[in-house]
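Chains as they are written, first to last, in my numbering: chain A, 1 to 249; chain B, 1001 to 1350.
Among the hints, erroneous ones may be present.
[Claimed, not checked] In the DSBU-like style, the derived pairs of lysine-lysine whose C-alpha atoms are separated by at most 35 Å in a straight line are:
| # | chain 1 | residue 1 | chain 2 | residue 2 |
| --- | --- | --- | --- | --- |
| 1 | A | Lys176 | B | Lys1322 |
| 2 | A | Lys197 | A | Lys117 |
| 3 | A | Lys184 | B | Lys1322 |
| 4 | A | Lys141 | B | Lys1335 |
| 5 | A | Lys42 | B | Lys1337 |
| 6 | A | Lys176 | A | Lys152 |
| 7 | B | Lys1315 | A | Lys141 |
| 8 | B | Lys1322 | A | Lys12 |
| 9 | A | Lys241 | A | Lys42 |
| 10 | A | Lys241 | A | Lys197 |
| 11 | A | Lys197 | B | Lys1322 |
| 12 | A | Lys23 | B | Lys1199 |
| 13 | B | Lys1111 | B | Lys1219 |
| 14 | A | Lys176 | B | Lys1337 |
| 15 | B | Lys1322 | A | Lys172 |
| 16 | A | Lys73 | A | Lys42 |
| 17 | B | Lys1315 | A | Lys176 |
| 18 | A | Lys152 | A | Lys220 |
| 19 | A | Lys42 | B | Lys1192 |
| 20 | B | Lys1335 | A | Lys197 |
| 21 | B | Lys1315 | A | Lys197 |
| 22 | B | Lys1322 | A | Lys141 |
| 23 | A | Lys234 | A | Lys184 |
| 24 | B | Lys1337 | A | Lys141 |
In case anyone wonders, no lab produced these hints; they're calculated from the structure.
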Amino acid sequence: MEIRAIIIEDEKPATDLLLHYLKSFSQISILGTFSDGFSGLKAINEIKPQLVFMDIQMPKLTGLEILELLEHKPAIIFTTAFDQYAVKAFEANAIDYLLKPFSSDRFANAVNKALEKISQNQNNQPIINSALTVLEPNQSKMERIAVRSGSKIQVIPVEDILYFEADGDYVKMHTKAGNFLKEKTMKYFETHLDSAKFIRIHRTYILNVETILRVEYYDKENHVAVLNNNEKLKISSSGYKLLKSAINL
Amino acid sequence: MNHPFFKSLQHFLIYAGAWLMVTVIHASVLLFFYDIPFVFSLLDGFIFNTLFAFFGLSLWYVVAHSRYNKSPMLNGFTTHITSVTLLLLIWISLGDFILSLFSGNNIMYDKFLSTALPWRIISGIFYYSILILIYYIINYYNDLQERSIREARLNEIIRTTELDLLKSQINPHFLFNSLNSISSLTITNPGKAQEMIIKLSDFLRYTISQDSSSLVSLKEEIENAKRYLEIEQIRFGNKLQHIFNVSDKCLEKLVPAMILQPLFENAVKHGVYESTELVIITTNCISENGSLKINITNNFDPEAKSRQGTGLGIKNISERLKLMFQQNNLLNFNKEKNIFTVEIQIPQNI
């Protein structure tokens, strides 16, 4: 059986090394090498490889952002010099990660593991699902969010987001340039955003404190936040407490 | 515990001179107000004051001791009561004894000696108080001086520690990625691998051998920056290019060690790492008005969104320059469209 694979890596020597190691796996055919996040993501969706070797730090999109945006989910082996990602990947039992520099034995080990998983998964079940939530560096706060809008991929810096709104299985992100949907939970954003800047003011809202114009009474007991663009958002009583301590009201 | 009056001959002479003056006044009072004969007045003044001067020297140790013995006020008070009583007892009896050896049968003087005791006690307590006061002042002054020396030394330590911290640390990711490139080159191009190992070694040697506050020539700094850029070039190939427009005159100037590499690292990180296009890093230098201006420019992809670690390298260099030259605004940077420029100034008149 032939395994279709691609390499997404922005450094030529690193790509060369992968190609060299792969020479001893005759069943794997490399259909292409890509040197940035955008072209890599496009290639995965178009070529639909079964196996992907991917760096984490790359221009345009990181390997982790690509993972979030995938429609087709192949088996992925990460290669990285950043061990803070790798440890998390290991805990999540992702196919594998390779810490640069790695030996040919270590590489063979990872590939064999992937081949085994692929042969067990002929019906193309997502293999790296479990890695999705844990594969994020938890010590640093989220700084940008990659979203798909139509056929385009957009990367939004978090400071451009006015507020997050719960919307069924999605979260709607409101920005000056329009709204974007992301298939995530409110809880996910609440824990990953910088809690000094983004406050869960209500079950349905996480608000960027920079955008608050003022806070006023809605009725006797409840408050609303008035934003720069004059939108008004309800604040729950527990949200009001959080907001008060965040902006020293 | 250095005795203040034995510190130098000058100090000792001041002490002796003061007592000589007291002796003269003492003798004059006896001579003119009590009609004591000249020889006896002089003898009385000389013996009692010399004795007190002698005992007075030892009082320093009473004061100096109290400095190390952090006893409560009351304890210090009893110490002085004890020491003044003892001193007066010894002083007066010893003085009287020596005088009795000289005083033959001068009636006037004998009469004076029998009434002199209260006066001796009063003047003794007075001398004691003055001396103790002087010693306390000296002690306090010494303490103050010692403290300011200690403070200055502490400040110096803090400054060098801060500089050490700010001095560029080798970025471990750079190191691991470079090692990965070498690992690849050993297979595909062993000659180039060899070359890269040597460059990396030279770079590491330079980085760890430099003291945080040492000055090196701009030539050495630029050579190191070139080594760094050439290593990154092996990783990123034609995507990275560099141009150095630096005159020979500038190359001789002195700059802090490891001040340039973090700026180039910053340019590579935000330029090359985030871009798919060619990134050119240009370095210019001018030397004018006793100041060296180094200007580093690179293009970047404005579409690349913020990533962690932004500006930390720049901030560190700015802090280092501030600490070293005690001057603000030695680093300025500017972001315009797709061009990032950073300029540092190195004062040369130091």
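A quick look at each hint next to the structure:
1. A:Lys176 <-> B:Lys1322: Roughly 40 Å separates the two Cα atoms, so the pair is violated.
2. A:Lys197 <-> A:Lys117: The hint is violated at about 42 Å.
3. A:Lys184 <-> B:Lys1322: Violated: Lys184 of chain A and Lys1322 of chain B sit about 46 Å apart, past 35 Å.
4. A:Lys141 <-> B:Lys1335: Answer holds: Lys141 of chain A to Lys1335 of chain B is near 24 Å, not above 35 Å.
5. A:Lys42 <-> B:Lys1337: Roughly 28 Å between the alpha carbons, so the hint for Lys42 of chain A and Lys1337 of chain B holds.
6. A:Lys176 <-> A:Lys152: holds, 18 Å
7. B:Lys1315 <-> A:Lys141: The hint holds at about 20 Å.
8. B:Lys1322 <-> A:Lys12: violated, 40 Å
9. A:Lys241 <-> A:Lys42: Answer violated: Lys241 of chain A to Lys42 of chain A is near 45 Å, above 35 Å.
10. A:Lys241 <-> A:Lys197: Holds, at roughly 15 Å.
11. A:Lys197 <-> B:Lys1322: Roughly 31 Å separates the two Cα atoms, so the pair holds.
12. A:Lys23 <-> B:Lys1199: Given pair Lys23 of chain A, Lys1199 of chain B holds - Cα atoms ~30 Å apart, limit 35 Å.
13. B:Lys1111 <-> B:Lys1219: With Cα atoms ~93 Å apart, Lys1111 of chain B and Lys1219 of chain B exceed 35 Å; violated.
14. A:Lys176 <-> B:Lys1337: The given pair, whose Cα atoms are some 21 Å apart, holds under the 35 Å limit.
15. B:Lys1322 <-> A:Lys172: violated, 46 Å
16. A:Lys73 <-> A:Lys42: Judged against 35 Å, a Cα distance of about 13 Å means the pair holds.
17. B:Lys1315 <-> A:Lys176: Roughly 31 Å separates the two Cα atoms, so the pair holds.
18. A:Lys152 <-> A:Lys220: violated, 46 Å
19. A:Lys42 <-> B:Lys1192: With Cα atoms ~33 Å apart, Lys42 of chain A and Lys1192 of chain B stay inside 35 Å; holds.
20. B:Lys1335 <-> A:Lys197: With Cα atoms ~25 Å apart, Lys1335 of chain B and Lys197 of chain A stay inside 35 Å; holds.
21. B:Lys1315 <-> A:Lys197: holds, 23 Å
22. B:Lys1322 <-> A:Lys141: Holds, at roughly 30 Å.
23. A:Lys234 <-> A:Lys184: holds, 22 Å
24. B:Lys1337 <-> A:Lys141: holds, 27 Å
The structure shown violates the earlier hints numbered 1, 2, 3, 8, 9, 13, 15, 18.
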